[in-house]
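Make the full structure from the sequences, and use the hints.
Listed in order, the protein sequences are those of chains A and B.
When we follow the numbering used here, the leftmost residue of the first sequence carries the number 1, and every step to the right adds one.
When we follow the numbering used here, the leftmost residue of the second sequence carries the number 1, and every step to the right adds one.
No false leads were slipped in.
A short list of chain B residues far from chain A (calculated; beta carbon distances all over 10 angstroms):
| id | residue |
| --- | --- |
| 1 | G21 |
| 2 | T26 |
| 3 | T40 |
| 4 | E51 |
| 5 | L58 |
| 6 | D69 |
| 7 | A71 |
| 8 | T91 |
| 9 | M104 |
A few chain B residues that face chain A, going by a derived Cβ cut-off under 10 angstroms, partial list only:
| id | residue |
| --- | --- |
| 10 | P74 |
| 11 | H76 |
| 12 | L110 |
| 13 | R122 |
| 14 | G124 |
| 15 | N125 |
| 16 | Y127 |
| 17 | T128 |
| 18 | K130 |
| 19 | A131 |
| 20 | F136 |
These are computed hints drawn from the structure, not numbers from a lab.
We put the CB at the ideal spot given by N, CA and C, even for glycine.
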Amino acid sequence: MKKLTSALLASAVFCTPLMADPVEDTLILNEEITMVTRTAAPAHVSDVLDEVISGWHFRGTETRAMQADDFDNPGMIFVEQAEEVWNTADGSEGKSCSSCHEGTDSMKGVRAVYPKWNEAAGEVRTLEMQVNDCRENRMGAEKWKYTGGDMTNMVALISSVSRGMPVDVAITGPAQSMWEQGKELYYTRTGQLELACASCHEDNYGNMIRADHLSQGQINGFPTYRLKNTKLNSVHARFKGCVRDTRAETFKPGSPEFVALELYVASRGNGLSVEGPSIRN
Amino acid sequence: MKRSYLAILALVAAPLAVSAGEITPTQVSFSDGSVEASLTGVPGDPAMGREIVGNKSLGNCVACHEVTDLADVPFHGEIGPMLDGAGDRWTEAELRGIVANAKMMFEDSLMPSFYKTEGFIRPGNAYTGKAADDTFGPLLNAQQIEDVVAYLVTLKD
Chain A
1 MKKLTSALLA SAVFCTPLMA DPVEDTLILN EEITMVTRTA APAHVSDVLD EVISGWHFRG
61 TETRAMQADD FDNPGMIFVE QAEEVWNTAD GSEGKSCSSC HEGTDSMKGV RAVYPKWNEA
121 AGEVRTLEMQ VNDCRENRMG AEKWKYTGGD MTNMVALISS VSRGMPVDVA ITGPAQSMWE
181 QGKELYYTRT GQLELACASC HEDNYGNMIR ADHLSQGQIN GFPTYRLKNT KLNSVHARFK
241 GCVRDTRAET FKPGSPEFVA LELYVASRGN GLSVEGPSIR N
Chain B
1 MKRSYLAILA LVAAPLAVSA GEITPTQVSF SDGSVEASLT GVPGDPAMGR EIVGNKSLGN
61 CVACHEVTDL ADVPFHGEIG PMLDGAGDRW TEAELRGIVA NAKMMFEDSL MPSFYKTEGF
121 IRPGNAYTGK AADDTFGPLL NAQQIEDVVA YLVTLKD
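Structure representation (structure tokens):
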């Protein structure tokens with residue numbers, strides 16, 4: 001970390017002060033919920049960041065506006081599809097999600113605290129892992145593909161009912177060792193380009209990298225509807241894309257490494273509002 | 001002395017694509033971040049270098065650097081310093097060192113090492129996300145490095 005800081009200082013000395021700052025704007029969802037899109041950094045990242053900022057601030061005017069109204073947010077179409085699945089029985093037990101959880105309102109608050117330590121299983125679980133656990137063990141249904149459409153749409157539905165609540169991922173206690181592992185991965189310079197997550201999202205957020213305006217790489221807005229591929233994109237799919245772009249061998253979605261990284265990255269956004277499904281380019 | 005000893009080994013072990021007399025990535029000798037000797041002995045072509053600096057699938061230097069001379073290429077990044085005047089600020093040997101392996105000149109630089117084949121963590125096969133295989137080579141070949149250096153030398157204020 002100290003090493004990266006010195007590289008940053010070196011480039012700051014050379015750099016023209018041409019920073020493309022995050023846009024000043026306020027996100028009010030459906031003219032109702034004022035979202036926290038910038039806030040003081042949580043204690044565990046305050047040594048490297050003063051403020052944590054949602055990726056929303058780094059996107060263009062139209063993209064930001066689309067996210068402010070559910071009628072304009074194409075991600076909500078996928079949420080509606082998942083709502084149907086929520087009520088549809090599947091698997092040998094003839095149960096649907098609603099058989100155990102009733103309405104989707106029961107999921108309020110859940111997105112905000114995941115990934116989360118599961119005591120009975122003795123592991124840190126992402127939302128995707130929890131959904132598949134329900135499917136396999138309570139419904140007798142087949143697991144969904146980790147980054148597949150069914151899964152990502154369902155995660156978006158679960159996220160949507162927590163919108164406006166602060167991300168509040170626990171990093172102490174039994175989750176701590178996995179959090180440390182995620183932190184290690186965040187600062188490891190991988191691939192032939194030897195870039196870490198921190199190289200782009202900590203040292204250079206606000207700067208342009210070719211045509212892209214670098215954000216802090218926060219995940220409070222996931223799943224994200226991307227204008228580029230017109231579907232919802234999951235956290236691990238994004239991680240995979242970013243690692244690949246360092247000309248590295250990536251980890252697999254759902255792998256222990258990406259679960260650890262998700263826990264760590266989620267915790268860097270503690271205090272930001274849950275935004276998923278958000279809109280990104 | 002040391003270099004010529006290594007060069008002899010390389011003549012035996014170097015991959016076929018490397019022409020005789022070329023300095024391979026593991027043989028490059030840095031002093032204070034600079035590389036005195038041409039990697040190929042063949043003068044670099046600044047026009048080719050200009051192409052490499054701007055081209056997304058070659059050097060893609062403009063991903064991180066702005067260059068006024070390349071204003072015809074869209075979207076220049078802001079990660080590194082503007083390259084205008086680089087030919088005034090640095091000698092040819094220094095520029096060769098920076099392009100071959102910027103970490104020798106700037107400790108822990110974010111700039112990728114364009115002429116290096118060892119010491120990576122989880123190196124991949126280009127942008128496939130898969131592990132590197134035996135086709136793995138440096139980001140730019142020796143003559144491309146010389147071409148880029150020849151171009152940078154022309155960037156005077």
